[in-house]
Structures are given as structure tokens and as C-alpha cells.
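Chains as they are written, first to last, in this note's numbering: chain A, 1023 to 1335; chain B, 143 to 751; chain C, 6 to 279.
Treat the hints with care, since some could be wrong.
[What the hints assert, rightly or not] Residues from chain A shown here face chain B by an in silico Cβ test under 8 Å; the list is partial:
no.	residue
1	Ile-1039
2	Leu-1073
3	Ala-1075
4	Leu-1303
[Said to hold, decoys possible] Using 25 Å as the maximum straight-line C-alpha spacing, the simulated PhoX-like pairs for lysine-lysine come out as follows:
no.	chain 1	residue 1	chain 2	residue 2
5	A	Lys-1331	C	Lys-25
6	B	Lys-486	B	Lys-543
7	C	Lys-25	A	Lys-1029
8	B	Lys-321	B	Lys-201
9	B	Lys-543	A	Lys-1245
10	A	Lys-1029	A	Lys-1331
11	C	Lys-25	B	Lys-590
12	B	Lys-201	A	Lys-1245
13	B	Lys-321	A	Lys-1331
These aren't lab readings, by the way, just hints derived from the structure by calculation.
This one's a predicted model, so the numbers in the text were calculated from it and none came from an experiment.
Every residue, glycine too, gets a C-beta built ideally from N, C-alpha and C.
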Amino acid sequence: MLSFIAKRLLSGILLLIVVCSGTFFLAFVAIGDPTPGLLGNSATAAQRDALRAKIGYDRPVLTQFWDWISHAATGDFGTSWRSFQPVGDQLALRVPVTLSVVVFATLLAAVIGVAVGIACGLRPGGLLDRGLKLASVVLFALPGFWVSLVLVTWFAIELRWFPAIGYVSPEVSVSGWLSSITLPSVSLALGAIVMVGEQLRNGFLQVNNQDFVRTLRARGLSKRRVTTHVLRNASPSALTVLALMFVGLLGGAIVVEIVFNLPGIGSLTQSSSQIGDIPVLMGLTAVTVVFVVLVNFLLDLVLGWVNPKVRER
Amino acid sequence: MTTAPFPTTLAPVRRISLLRRYLRRPLGVVALVVLLLVVAAAVLAPWLAPFDPNFVTFKIVHADPGNGHLLGGDSAGRDILSRLLYGARTTLYGAVITCVAGLLLGVPAGVSAGYFGGATDRICSWISDALQSIPGMIVLLVVAAGTGQSFPVLMVALGVFMAPGYYRISRARAMAVRKEPYIDAARVAGVTNPRVLRTHMMRAVYAPIVVQTALTAGIAIGMQAGLQFLGIGSASTPSWGQMMNDGFNTMLTYPKILLWPSIALGVTIAALAFIGSTLADLISIRAEQPNRRARARVRQALAAPAAADLPDRETSGSHVHAIEDCALRVENLRVGYATNNGIKEVVSGVSLDAAPGEVLGIVGESGSGKTQTSFAVLDLLPSGGTAVADGIWISGREVSKLSSADRAALLGRSIGYVPQEPLSNLDPCYTIEHQLVEPLRHVHGLSKADARARAREVLVRVGITDPERVLGSYPHQISGGMAQRVLIAGAVSGRPSVLVADEPTTALDVTVQAEVLELLRELQQEYGMALVIVTHNFGVVADICDRVVVMKDGRIVETGLVEQIFRAPAHPYTAELISASLDDVAGRDELDQGWAPAHAVAGGEDDAR
Amino acid sequence: MTAPLLDVQDLVVDYRLARKVRFRALKGVSISVGAGECVGLVGESGSGKSTLGRALLGLTPVESGRITFDGEDITHARGAARRRLANDIQVVFQDPYGSLDPTMTVGEVLAEPLEVAGTSRAQARAVVAEMLDRVRLPGDSVHRYPSEFSGGQRQRIAIARALVRRPRLIVCDEPVSALDLTTQATILDLFIDLQRETGVSYLFVSHDLGVVRRVCHRVSVMYHGEIVESGPTHQVTHEPSHPYTRRLLLAAPVADPARQAERRAAWLGLRDSA
């Protein structure tokens, strides 16, 4: 078990390094000289040279990369090329907002998705099951920002149940915080709920058709006890989808935040990519991938706990 | 030995093409029509659009529909309908690029990874996992910023993020197919690896890839619109996402501007999603479940005294014991399944009985209905199966009219079950101890310590020498023979009066078979159970059974004492089955003695080489 | 006696279970098959009998030892050399459902080995028709899909596929064990008839001594990766010399209650004395 944990952890760190380097070089190749973006087209050649020297862009790419990654390893993401503020400070301000929305959405997906999945798995072909199927078809494909536009018009503008835009920090008011992230989270979560529900429902039925379930029933176990067995066997696929959803939701949040005008990483990503502020972009990448790696690591632990065969690999 | 008649022609079969089956689904047809309309709008946009999509008329800024502008004007004074039509062009063009890029990257990699396994698989899977861990939106924004917002490049980049979806599906399919003997057979036949990949593997992944493409196109269109909504893309190319952004900015004052592109986007994505789900249904990715009404229909048809599609209404088989002497008695049992072509009856009016201490064999070939009969007795038919009977008596009690909950209460107490496949009948996620102790505690009401002691005791009784190790093991850690002993232990630990064993030795090695039969015989005598053994093997029947029923096509053709059935089978089918066993047939040397004199040189006459 | 068609000497095959764990599936096995001969290989699951067949076919790498076919060393034949062997060595697998590509028509299945050998289409069609006739299937089967045939019919198709290249040796890996008893008998007779008609040799892998007795001239008994007994089929099945063979013989129940009772008593005696 210990070597299993160590292996997964190592694989996660490797992933983090590879993704960060990949993004770093992609950004360098794709953006090229950042000074026109940072200074605007009216800047003179001298101004540009000065900025290049200031941000160290005149050094070889590999030197810059080493510089970045050796500092990032200690938690120092450098300073923005635009505002010259530490990237870490900006992230500390923005990441909690995005994380609130995404974690809340993932929780919604987990709780509601699992409930719906079990209900449909127990009564396949029933009304709820057919409803889930219909919903899963549509909501799976519809982008979160589209759903959020619909939700904003409906609940915020027509019914005025929730604020249409803006973010309230939980330090200011917990209820304000909750109501400010509810709509964005729900619009992100809808697709994930049906995905998790559908996955669990299918897994449930698949396991239900397996021989050992018949044998468990033949021993006289109650329906509830048999369901526990089925659920444990069906959970790995649903958990995997949930972890994948988390990554998808992080990406989706970037657009949804703009609809709801939330001060998360969405607008920061948008603006810094447009002007070519590579340190900020790298900071964003590193932080999101760290969360992805953590979630995947958690997933591996849970899967190993659920299914003894996984542990021995 | 008799030679089976060889037909010179085959009976005609009706094959229905996937397209025809698709066109029978109303929802699928509607979705397909919608998609085709969108495609037509995109292709014909230059002819359909009443105005240049970028032509600005100040008069129609924020205009309501009318005056030749069917959908009104946007915030810059451009005709919304024309922009929608041209926007469809952009949308579909981008979706095609994305899907093609995803396909070209994901499918070959997935098929190769699944087929070759090993290092190829590890590397490709790691890359795929890495791609799925990358916050794609950030990278896409970087790419968009860097490439001067080149639309095709951006769509290819989006395709890269779609590739893992294709990769996973084709890898999973390829891995499943790789294990099929037909791939090995192709390699032995001299087919090269590239050719195996191109033909067999591609054919195997084709259908799921089509489904995946419909879904991917939907997601790609959504993400594309999201990017455009963020302001990516050239201002002079009309796109739905851009139009939504425009509408979003004036949402409070002029909501209709947002409405039209939202509808277009929603409807197109929904159409693709429904096409994908209909296709997935057709190639049965999502298992359809028969609903309660279908089951009721089967029940009714089975119980009906005469039905047009089920002509055979007499019962078969007989009873030899008085009802009160029976551990098990079945009268006129029918089992049916609802299928697309009506009701399929797999057991047609079977009657049999068994007394305590008696071993009854149910013999037949595949499809004879022997297993279905045993499941019906246990009330453990697979979903979709329905049984009706004039009566089923278990330990003297009529149970066929009981509710399913009351039937379930008999399981483990009055009637036990030993399955065929030992390993697939243990829950892989729990230890053996948990699986043996759980019923003892919660069905038989033993305390935790008592249940554990009893489980250990039964394990020793079924011949397991190190019960402590087995109790602590997971199913994948023990052998097949051991697992079958555990299952027998589980079945008899509740001291049932009837034990139903469904081909209990078929999946086991010959030497283990003999052990398990011996164990069943001992337990049956020790506990005085009625043992019902379902088997296709007349050797097993001769070994353990007192009486036997022979089944064919859902009916009993013969019932009798074992000695009598073997000595003088009354039905020709029984005789055929017994003679098919290879115990006493002439061996190869005897066969060749009769043949060789007539053909002096073996293999001489066919020298085509 | 001339050199045998197939000669296997001291074959060792390992399976890698994990990075450092190896399982020795074959521990130095020697066996030979003459032209026109059928040699049986009997054993229980895990005895290594299927592994031997797979090693001959090049589907499993060989650790050490030597496989000679018609005087040529094919132990490590790979790539083009292995594909050339497709002319001489073919296979029939156990599973009549998995051994045919469900997406191909029977005609395509049977023509594939010929196509890769460069046979012209017209000639391939003629050979396919001939082979279908040989395995007693109607000629219009070529347009059908495997799912439209019964288990026994599919096994006939698999046999026809093994025959189209007119090989000299067919490895039969449990070819009848998935079939119903009555079908088993007719397929076994088909194997015998085809051997008489074409002179092909069989290496017949089975767990069932009854099956082996029916079709094989000689038989080898495998146990834990080793051959414990070899000899003419009649001798091995009637006067087995190795205790394992005796146990194996007595363990299989016979369809005769009186004789089975005797055998069971003998088996119990053997078990309790062990």
C-alpha cells in the first residue's frame, strides 16, 4: 500500500513538471515577443528593449525556464510582466473564488449525481431513469456558460432570487458568499450531475447483472445489503468520472466566471493571455495542475480502498 | 456414429442495416433532420442570407424583427439572421476541424496502445492522462493569443484536448478485442500487425467512434462558442459565440439579441447529442431495461391457457412423491422473456419433484432451459425474465403465489444455491470472511463472534485446511477449486432443505470436479438435503444422481431413475445424449484399423502442395 | 522412421506476472508430431498445455529449447519468417464465438489468409468454396456473418480457415470443449475425416481424455509444466503408468452408474492413499 501511494505521488509530481514545462515552452513559441502586447503598438524600440531587459526576456529561453521552475518549486511564481506585482499575491486573491465555485459544483455533482444514479439504478426503465437519460443527453453537451446565461436570465433577472453578478467573500458574509456562488456552481454542476448519475446508473446495472449478485441474493441478504455490495463495485467508474469532471469544471469556470463577473482566475487568464503575461499564465497553470494532481491522487487512494485488486498493481 | 444432416443451403436471415434501425427511432430522426437543416443553412448561407453579415445599417441597431430583417438587428446594426446563417458556417467548419484532429490523434494512438500494450500503452496513456489534467482553457487562450487568433489553428488545438476521449474509447475496445482468439488466428494466418490494426481493429472501434464523434462535435461546438464568447476570433467572421457575447452585453435592455444565437447553439448541440445517444442505444452501450408493463405482459401471455405465438401448452414431466413428502415440487412451470420479436418462452410447462435426501439431476444441452428452471425455482431469474407456475412447493410450502419479498426470505434458509463459475460468484471487493459472515449475522441472526466461528467451522467441513488464511483473503487470491468450496460453504451454512447446484463442476478441473462432487454427496447425506444438480454431463449424473429429468427446448422429454435411464432410455433424444459421451466409443487406433486397409497410404490422395 | 514433421526439445516458457515475478509455464518439454499424425496433449488448467501450442505458433516468446519444423529451426521465428510459416502451421481455437471476427462475413474470414499470401481473388474464391465443402457447410455461407451460425457451425468455419492455406500441421487448442456433447462428436469425426483426406498433422490440446482417445494416435500428459507420461493413446488411457494420469482418468465420471460407482471407489482409494 505504501509503495502504491509513493508511486501515485511520484507520477503526480512528474505530471506537474511535464505540464508546466509544456505550457511554458508553448507560451514562448505561441506568444513570441511579449512587449507589443504588454506596451501596446505605439511603444518605441527603446522602450521595448528596456522592458525586455527588465523582465529578463533577453536571456536564453532555457535560462528563463530554469529560473522560473527553480523558484516555482519554492512557491515563488515571480512577478507579473505587466503590473510587476508578485504573481503569488494575485493568485491568493483569485484562486479561492474559482475554487469555491468549482468545489461547490463538484460537491453538488457528487451528492446529487450519486443519489440520482442509485435511484435510477434501482428502478431502471422508470420515470426518473428516463428523465435522467433525456437530461444526460442534452446537459452533457451544453456548455456551462450557455446554461449560466439561461440561469442568469431566469433566476437573477426574472425572479431576482440570486444576485446576477459579483462575488462576496465568506469573510464578509457567509450567506452572501453562498448566494453569490450558487448560480455559477449550479450552471457548472448540471452537466456533471447527469454525467455522474448516468455513469453510476450504468455501472450499477452492469454490476447487478454479475453472477455474484445473484449468489448474494441466494444467501438471503436483504435488498439493502445487496445494494451496498453493488454500489461498492459500481463506484470506481463513477468516482473516476467525478475526478475528470473536476478538471473539466476548472476549465468551464473560466468562462462562467466572466458571465457572472466573478473575480476568479477566469478574467485573469483571459487578460494575461491577451497581453502575453507569461509569469501570470504559468502561475495559473501550476496552481490548477496542482489541484488536478491532488484530486487524482485522492481518487487513487479511494479506488485502492474500494477495490483490493488495485492496490496490488 | 451418426452423421448430422448437412444442409446444402441456409435458411434466409433478415438483416436490418444500422441506418434502417436508426430511422425507426423518432427522436433520432428529428435530431438528424435538425442537424441536416443546420448543415444546409451553413452550406447555403451565401444564397439564403438576405444581407451581408457585416453590413452595418444604423437604422436597425437593436431593432426588433421586421422590415425585411426577420430577426432584427444587433448592437452594431447588422442583420441577425444573416449573421446566424454565416455563424453556422463557422461553427460547423470549426467542429469538423476539431473532430478530425481529435480522431487522427486519438484513434490510432488508442488502437495501437490497446493492441500492443506494454511500453506503447504506458506512454500513450500517460500522455492522454496528462492532456486530461491540463486546464485546457488556459492553453487555448495562450494559443489564441499567440497565433494571431488563427481560427483553424485554435480548432486543431481544441481537437488535441478532445483526443483523450477518442483515445480512451479506442484503447478500451482494442484491449478487449486483442484478447479475442480471432486476432491470434489472424496473426497465425500470416496477417501483419499493420494489417490487423487496419482491418480487425478498425472494424472493432468503428461503431463507438461514430458515437463518440457525435458527442465530441457537440462539446467542440460548445467550447468553440465559449472561446468566441471570450472574444477570441476575428471580428469580421460572424460566429454564434460572438453574437452571444454581443447579446450578453445588452441582455437587460435587448434580450432578443442574446436569444437567437442561444437557440441556434442549444438546438445544434442537442441534435448532435441525441444523434449520439440514439446511435449508442443501437449499438447497445446503454442497456435498455424492460419496464414493469413489459414484464406484466409476459406474465399474462405465459399464464394464458392458449396463445397464438406459444402453441405448446401441455405440461411435461411428472411427479413421483406425494406433496407432503417433497422437499421441492414444481408444477407446470413456464419461463419467458420479452424480446423485440414478442415473447420468447424458454421453459414450457415443466413439472418435477425431489424428496429430502434425494439427488435429482436436470440434464440437457445448451438452450434446453435447465438453468432457467433452476433460477425460476429460486426466484432469481435475470432481469426481464418472468416465471409462472401452477405451483412451486419448497419444504412442503406453496411459494409460487408469495410476494417477491417473501420468496427472498426463503433463500439461504429453505433453499440454497451453488453456482457454476466459482470466481465470478464472489464479490471481488470484500474478503471471504465478510461474505460468509454477513448472511449468518443478518439473515440467521448470529452474533458477530458466533457467525465467525460458524463460518470457520463450515470452511473446515468443506475441506479447507487453512481456514484462517482463506477467511482473510480476497476472492482473487484463492484458486477456483477453493472458491467453489467457499461457495458451497456459503450455500449450506444456513442448513437449507433444498440445495440447487447449477453445473457446479463444469468450470473446474477434472480432478477438482471429482472432489467437489464427493463433497456435495457427503453434505447432502449429512444434512439430508434434497440436491438438485443441473448439468450437461451424463458422467456427473451417473456419479451422483438418484433420479434424472432430461430437458430439450424447454420441455422435459424423460424422467426416471438413473439406472433405468441409462439401461433403457425411453426417449430417442436421451439415447442420443448418452451415446454422444465418448466413454465407450472406438478410439483412434480402432477407427484406423477399420479404415487403413482400404486406404493404404494416409493422406496420399490430396497432394495439392 | 524419417525425422518427425515437428520436433520440440526441452522447451522452456516463462510468463511475466509482474516486474520481477516470473512464472515458469513450461519446464523443459519435449514432444514430436509426425506427418499425418495426431498427437494429443492432455492436462488441467495451468498445466502448460495451451502455452505449448501458443509457443509453436509464435504467440508466446520462448525462453530456451528448440522447436524444429520440417528440419528448420523455428524457435524464434519472427516477422517475415513467421508469416512464411503460416503456409505450414495453422490453428483452431476453443471459443467458437471469439475466434471469428464478428464484423466480417464468412467469405472475408476465409479469404484473409489467402489474401495476405498474395493469392488472386478468383483463386481465393475457388479455394474458399472448396474448403466450405470440405467442412460440410453450404457454399452460400460466404455472405453470412459468424453470428448467424451455431457454435458447431462456427467451429467448422474456424477449421475451414485453418485449412485454406493447406497447412501441414494444425494446432487444435481445445477445439470441441465449448460445444454441446452431440456437436462434439460430429466435429471430432470431421477432424478425423479431414486428416484422412488431406494428410494434415494435428497437435490436439484438450483437458478431456475421452476426446483425445477418439482422435489421437499418441498422447502426452502434462502436469505443472512438465510431460509426465507419453505413449500410444490406447496404452496411456488403458494402462497409465504415472499416478497423475491414473488420477486424471479416474476423476472423469463415465456415463454408466454401475461402472462409475466402481471408479469412484477406486478414485477414493487413490485419494486417501495419497
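Which hints, by number, does the structure contradict? Per hint list: 1, 2, 3, 8, 11 and 12 violated.
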